[in-house]
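All chains should be built: construct the whole structure from the sequences, respecting the hints.
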Amino acid sequence: MADFLSQYSIQRWLEMCPQGYLEDTVYGRGIDETEAEIIFENESMLDAAIQATVQLVVGERCALAASSGLVNAAPDYPSKHFLATQTLDEARHVEIFTQRLYDLGVKKDDLEDLISDRVNPHLVKFAEVLLEKVEAGDFIAGVVGQNIVLEGMAFSVFEMMEAGNRQINPKFAHTLRGTIADERRHVGFGENRIGSLIQQHPEKRPEIERMQEEMTFHMLATFSLAFSETPTDTVQTDGEPVDAEWHGTNLATATPEEMEAVLADTVLGEFKTRLGRIGLEYQTPKIPA
Amino acid sequence: MLLGDDEDFDPHLLDEDAFVGEVQTFEFWFGAVEGYLTGRPYGRSAATPEIELDDIRQDRLITTLCNYCVGETAALEGASGLVRLAPNHHAKVFMATQVVDEARHLEVFLRRLGDLGVTDTDAEIRKRANPALLDFKDSLLALVDGGEWDAAVFAQNVILESMEFTVFRSHAENADPITAEVLHGVISDERRHFGFGENDLGRRMAADPSRRPRLQEVKEQLDAIVLSVFEGALDDLEVPMADRPRLGQEYLETVERLGLT
Numbered sequence: 000m001a002d003f004l005s006q007y008s009i010q011r012w013l014e015m016c017p018q019g020y021l022e023d024t025v026y027g028r029g030i031d032e033t034e035a036e037i038i039f040e041n042e043s044m045l046d047a048a049i050q051a052t053v054q055l056v057v058g059e060r061c062a063l064a065a066s067s068g069l070v071n072a073a074p075d076y077p078s079k080h081f082l083a084t085q086t087l088d089e090a091r092h093v094e095i096f097t098q099r100l101y102d103l104g105v106k107k108d109d110l111e112d113l114i115s116d117r118v119n120p121h122l123v124k125f126a127e128v129l130l131e132k133v134e135a136g137d138f139i140a141g142v143v144g145q146n147i148v149l150e151g152m153a154f155s156v157f158e159m160m161e162a163g164n165r166q167i168n169p170k171f172a173h174t175l176r177g178t179i180a181d182e183r184r185h186v187g188f189g190e191n192r193i194g195s196l197i198q199q200h201p202e203k204r205p206e207i208e209r210m211q212e213e214m215t216f217h218m219l220a221t222f223s224l225a226f227s228e229t230p231t232d233t234v235q236t237d238g239e240p241v242d243a244e245w246h247g248t249n250l251a252t253a254t255p256e257e258m259e260a261v262l263a264d265t266v267l268g269e270f271k272t273r274l275g276r277i278g279l280e281y282q283t284p285k286i287p288a
Numbered sequence: 000m001l002l003g004d005d006e007d008f009d010p011h012l013l014d015e016d017a018f019v020g021e022v023q024t025f026e027f028w029f030g031a032v033e034g035y036l037t038g039r040p041y042g043r044s045a046a047t048p049e050i051e052l053d054d055i056r057q058d059r060l061i062t063t064l065c066n067y068c069v070g071e072t073a074a075l076e077g078a079s080g081l082v083r084l085a086p087n088h089h090a091k092v093f094m095a096t097q098v099v100d101e102a103r104h105l106e107v108f109l110r111r112l113g114d115l116g117v118t119d120t121d122a123e124i125r126k127r128a129n130p131a132l133l134d135f136k137d138s139l140l141a142l143v144d145g146g147e148w149d150a151a152v153f154a155q156n157v158i159l160e161s162m163e164f165t166v167f168r169s170h171a172e173n174a175d176p177i178t179a180e181v182l183h184g185v186i187s188d189e190r191r192h193f194g195f196g197e198n199d200l201g202r203r204m205a206a207d208p209s210r211r212p213r214l215q216e217v218k219e220q221l222d223a224i225v226l227s228v229f230e231g232a233l234d235d236l237e238v239p240m241a242d243r244p245r246l247g248q249e250y251l252e253t254v255e256r257l258g259l260t
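Chains as they are written, first to last, in numbering that gives the first Met the number 0: chain Z, 0 to 288; chain G, 0 to 260.
Rather than coming from a laboratory, the hints here were simulated on the basis of the structure. Since we're looking at a predicted model, the values are computed, not measured.
Partial list, derived from the structure: chain Z residues whose beta carbon lies under 8 Å from chain G:
(1) S8
(2) L13
(3) Q18
(4) Y26
(5) L63
(6) A64
(7) S67
(8) G68
(9) A83
(10) T86
(11) L87
(12) A90
(13) R91
(14) V93
Covered stretches of chain G, going by a simulated chain Z footprint (3 or more residues, C-beta under 8 Å):
(15) 36-48
(16) 83-92
(17) 96-105
No residue lacks a Cβ here, since even glycine has one placed at the ideal position from N, Cα and C.
Rendered as structure tokens:
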């Protein structure tokens with residue numbers, strides 16, 4: 000365990016992240032990069048971009064609360080160190096997605112009202128299930144909920160959004176690539192650290208699997224509502240064909256139903272793989288969302 | 000990272016809201032730490048020589064570093080708990096930067112203990128920890144657990160950080176070259192932390208003076224513990240009695256600026 004945890008030191012984080020892929024960036028993007036003009040020329044596209052970014056801010060606020068809350072519950076120094084870096088990663092994500100809202104024209108004074116009005120209620124429920132475990136100081140359940148379920152979901156959502164924006168909105172795609180690199184590290188820690196703890200505490204399995212089932216239910220409900228309300232935050236054009244392929248689906252031409260299906264399938268597939276690696280069995284939500 | 004790179008830029012010239020929006024950000028944090036951490040893995044450069052310490056000096060250094068680890072663990076756990084309590088987005092982001100700073104301090108001190116031949120750091124820290132410092136940690140975490148933002152920021156970012164700043168600075172003047180270099184990086188962080196504490200509490204008390212009596216009460220509760228922690232740390236560092244009042248001045252001046260004498 001000690002050897003793998005040495006890969007998650009503060010020093011390594013400094014070298015990989017702020018001194019690595021974030022070097023020469025401001026708010027996660029190049030200093031000269033701006034949002035694609037096409038967004039500001041199309042009201043529904045701008046609305047969809049704001050709607051999607053609000054959900055990202057809320058998800059990252061939850062991740063910030065969870066990772067900071069888990070520092071005190073961590074059983075060893077290396078885990079505390081890693082969670083400290085994750086705390087700052089999540090704070091950075093809150094900051095850059097909040098900045099994107101400002102870049103899209105949201106006024107600072109309107110931020111909190113906008114978030115309250117537009118947050119997906121299922122995403123709030125999803126966060127509450129996780130934060131209940133964190134508040135209780137349950138390190139194992141908290142890390143599974145945060146670093147496997149929440150981060151696993153975020154990883155796939157960011158990947159899909161990055162693929163959809165890569166060609167037409169490089170500024171936002173750039174921002175997302177930095178967060179994807181962070182999420183990959185967070186998920187890696189979750190898988191590596193928790194497997195051995197679950198082996199030591201097999202009695203925790205049923206409770207953690209229940210939490211995963213509940214979080215998955217709310218996640219699928221979040222996707223369902225999000226894709227039924229709005230066309231997603233990928234810039235679509237009527238003219239030039241756009242290369243926005245992700246897991247076999249062209250995001251530039253896919254219907255909202257097709258996007259929801261590919262996202263849900265991808266996230267659930269990843270969950271099954273990652274939960275299997277740490278000795279847990281994926282639980283299908285009992286009531287279809 | 001590009002913000003904050005301009006050497007002529009002085010955020011103190013900004014108005015209050017713009018100041019907070021500028022300095023309580025990831026971007027500003029990285030601009031600040033980049034200068035003194037780049038090229039210094041674990042807080043020190045490869046060229047800094049390791050000198051041989053005699054047995055007595057090495058043993059004193061191990062005791063001192065063990066107590067630094069207790070203080071930094073308190074600060075790490077305090078700061079991480081304060082993220083949840085922070086009253087606004089900027090304060091949350093600042094606290095998140097402080098979490099990683101405190102974790103880095105813990106990491107560099109643990110590594111220095113390893114350099115000095117300590118293999119079981121947990122056991123060594125338990126054996127050598129100053130009981131007063133453990134009491135302080137318990138008091139701080141009780142304030143955090145109680146959800147008291149003002150009181151916890153006062154205990155952590157004003158009292159604890161001022162104590163650390165004073166002790167680290169005094170130590171760095173006489174330490175071996177590697178320990179001194181590590182301490183200089185830590186001191187730069189501490190300056191930012193107690194700057195935040197003083198600024199945040201100062202503004203909140205100016206807006207609502209009824210907050211002051213509770214902080215006064217916390218100060219009085221912690222005074223005896225703070226004195227014991229200071230005495231223990233300065234004993235370990237063999238600071239002459241005549242120099243001690245001068246060293247406590249930083250803390251007293253900060254408290255005075257907050258109107259809490």
